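**Student:** As you go down the protein sequences, you meet chains A and B in turn.
Quick note: the first sequence uses our numbering, first residue 1, plus one each step.
Quick note: the second sequence uses our numbering, first residue 1, plus one each step.
No lab work stands behind these hints: they were computed from the structure.
On a predicted model such as this, the values are computed, not experimentally measured, just so you know.
By construction, the Cβ of each residue, glycine as well, lies at the ideal position given by its N, Cα and C atoms.
Heads up, some of the hints might be wrong.
As the list claims (entries may be wrong) - DEER-style ranges, computed between Cβ atoms:
(1) A:TRP377 - B:PRO165: 40 to 46 Å
(2) B:HIS264 - A:GLU170: 47 to 53 Å
(3) B:GLY384 - A:GLU170: 42 to 48 Å
(4) A:ASP295 - B:GLU104: 57 to 63 Å
(5) A:PRO150 - B:LEU290: 53 to 59 Å
(6) A:HIS56 - B:LYS409: 57 to 63 Å
(7) B:THR385 - A:LYS290: 41 to 47 Å
(8) B:PHE4 - A:GLU170: 54 to 60 Å
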Amino acid sequence: MKSSKYNVYIPTQDKFVVYNTLTGSLLFVDEEMRSALEKNQLEKLDDTVKKQLTTHGIAVDDDIDETAVYNYLHTKEVYAPSYTSVTVFPTYACNLSCHYCYQQWQDMSKSSMTEQVLKNTMEFLKKRIIEDKSRALLVKVFGGEPLVHPRATETFLAGLHQFADQHGIEYFGTLTTNGTLFRGELFEKLSPHIAAVHITLDGPEALHNSIRFYSDGTGTYADIMETLSLLGETSIRTCLRINIHDGDYTTTKSLLADLRERGFSKCTNFELDFGLVVQQDKCDLQLNVKEYIADKETAVTSARYIESMLHSMDWENTEGVRYPDDIRMDKAPVICDQTKRRRYIIDSFGDIYLCPSKAGEKEYKVGRIGENGKATWIHSFYDILTRNPLDFAECTHCAYLPVCGGGCAVHAKEKNGSYTTSFCGAVKQITSQRVLSYLTRYYPEKMGGAHQRPARK
Amino acid sequence: MADFELKELLENNKFDDLTEEHLDVLKTMKILVDDGLDEKKVLSFRYCKEKYSSPYSIFVIFPTLACNLACKYCYERTSELSARTMDEKTVVNTISFIKKMAAEDNTRTILIKLYGGEPLLNVAACTRICEEVSSWAQQLGMQVAVVLQTNGTLLTEDVLDALAPYLTYVELTVDGPQKNHDTIRIYKDGSGTYQDIMSAMERVTKRGIHTALRINIRNEDDLRDVLTDLTERGFREKRGVTFYYAQTSSFGLCELFSNNKLCHDDEERALEMSPAVREVIKELKWMEHLEMPDILQKQKFVACNNEKKARYVIDPYGDIYLCFFRAGQKEYRAGTLTEGEGQFGSMYYEMLARNPLQFEECRTCVYLPLCGGGCAMRAYEQSGTFHTNSCGSMKDFAEKRILMYLKRKYPDRFEKVI
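Excised from the complex, chain A in its bound form (with noise of 0.2 Å):
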């Protein structure tokens, strides 16, 4: 038997917390465990402490290979996704002229879909489909606005779930949009072909309303509330990203005030996703990696505030609160969902992208779909698509490789010039926070004050 190579040790007041980045196993020990972990001393431990260090995977047989397993995972979650992802852009166009929008920045085109592009989009997609043998169908559909092109969205929600019932496939369709034009006969029409909708507030009414407004400069908060109102008696998920301005909570709480009065705190299928808008500049990592890093420290601590500001204020659905300390979802070996086998992002000409946040940037597109929906993929695409972490020398020692899956692909391109090298991001600076403010929220009693609230800035 011997220690994890995956184990990172992060110390609380008065123990420590081994947490088991392949596995997602937590364990409370005291120094001693910790130095015979760390030292790989376990002969003597009895019997009954080996097995439950084995069960979580902190400690392993002599024979097994973590790399390889790692290795196993990884290359899995990358060729064996579970379901085919679809993201189409129907149009880059948008009704808003919000001021922080980075595809406003971008100097792209407002183009949308035409109909040869769509029609050959919608024949890539099927084949694809087909060929990837699928069980599931996730179709999301993006933009600029897509309902200010509705007949491509019509035609991606509900001709790709049509053709997923005729195989067998089950069907999940997702809308990104404003919530301004999601009503009416519109909202009749696709709502049957949605699972969930993704709707955006910048702040209370007047705040929201000084940031996203229509061209002529009228705000949105009305006709986004009338949206919820029509969403909250269905059961479409709907998930609010609600953004934090500069770290100004007093905002959000007046926010969340108003949505509860709505009454919007009772709904079920609401949830609340909480973002801090990043400047401009800052998206510049190749120079600006420490600020990279205090934004996603501070985003952890926000958690805190969130918290207590839901906690006041009696909101009644806190099942649907994502908070962004939650460690839960971070055993990915493979870090960014989007770069793997049975993925699609389209955008309104066609070209085929592994990243929605670059759809539009032509110098990162991997393929491009042509007549009859026959696709030609470029060497990016396989430069993404056979990256592997294992393959960089400071990934193949590092404790987090199975949380971090050697970093964004992007980021990497974009700092190193190559996506074959690897992006650390602030992986190893804030896991250990995210831990413990995690195990503070759930397992207050294990904590026994021992971590600190963070003080607010």
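Go by the hints and put chain B onto chain A.
**Tutor:** Okay, now just chain B, sitting in the frame of chain A:
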């Protein structure tokens, strides 16, 4: 087909003198590729795709290692395996394991191969596994195909009554014409089994179940005799009867993994024999029943179908293997069934994480896309690790195979080539 001049140009990477038209043809056939394309990455992608995203899961089940025959060449006999039969608890664990892995693999089709030993010595296990997996899969919209590989001597009407609803096809074997067969495939008392196998085949085809007959031969005359007899028995006119042939090997299982020379000789003999054998099949009008990989189809990205994800071999002890030749030999097991699930060990991960693009010899080898690094088990046997190549006879025969294929397909152009 290229002339010497073109070959020189290709080998020396000089294309300035070629016309656009020539370049287009070469590019379309991927004989020339764009400068920026790293073909190793393309290969790595295809290798991993084939290895990890199989659309179906295969479960090779050994309901027993025991057999009612005493065939002289049987590898299971020479390796002195016990006659262990799967007990009820292991049957239950096997069923849970199939369900669990099929769900995890997101498979659309479950293929169950009943293997052994003689699987029909444990009909209860066969029936229960088929029945429970089928009804579970049906609810989830998965398809189930069951292949029974049997010596045929126990395939009675009663057995067929129980199993027929699940069987996709039955695989039987004859060891050449009756006079040879009855000296090789024999009951323990020494008597021959040929007639019993033929009667079984009759019963199976009568129920509309597909039969695949493996015919072991020493030469084309053996095949002529067997096919003639099958024609007389009326099988040529029956639908759902297919056959393939294999030459009788002159060595046992341990040599299969360790003795490259014997394997090479065997393969050479098979290749030499193949044109004459095909003539016999044509002459006797059995061509449309022949179902075996053609001469070029032997070549694949991943060396062995059982080296892939979603392949499981389960023996009567409840141990999991990847190579079915190794079932029952604990030192090769890849995991063990425990209640409700399977626990995989190091061998499983080592085998699945094997990638020939990491082997120095393979990275630069022009044959890699045909060979996939060779048999993992042979590599292990010969070098003590899965993470190495095992070239086998691929390099020796790849060219010959292509020429033989071309000669058959385009006889006018290749008559003199070989």
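**Student:** Does each hint fit the structure? Answer for all of them.
**Tutor:** Structure-based check of each hint:
1. Remark: the range hint 40 to 46 Å for TRP377 of chain A to PRO165 of chain B is upheld by a beta-carbon distance near 45 Å.
2. Take HIS264 of chain B and GLU170 of chain A: their Cβ atoms lie about 49 Å apart, and the range 47 to 53 Å holds.
3. Look at GLY384 of chain B against GLU170 of chain A: about 45 Å separates their beta carbons, and that is inside 42 to 48 Å.
4. Range check, ASP295 of chain A to GLU104 of chain B: about 36 Å between beta-carbon atoms, so the 57 to 63 Å window is missed.
5. At roughly 56 Å, the beta-carbon separation of PRO150 of chain A and LEU290 of chain B lies within the given 53 to 59 Å, and the hint holds.
6. Our hint of 57 to 63 Å for HIS56 of chain A and LYS409 of chain B holds, since their Cβ atoms are close to 59 Å apart.
7. The hinted window of 41 to 47 Å between THR385 of chain B and LYS290 of chain A holds, with their beta carbons roughly 44 Å apart.
8. At about 57 Å, the beta-carbon gap between PHE4 of chain B and GLU170 of chain A stays in the expected band of 54 to 60 Å.
Hint check: a violation occurs at hint 4 only; the rest are consistent with the structure.
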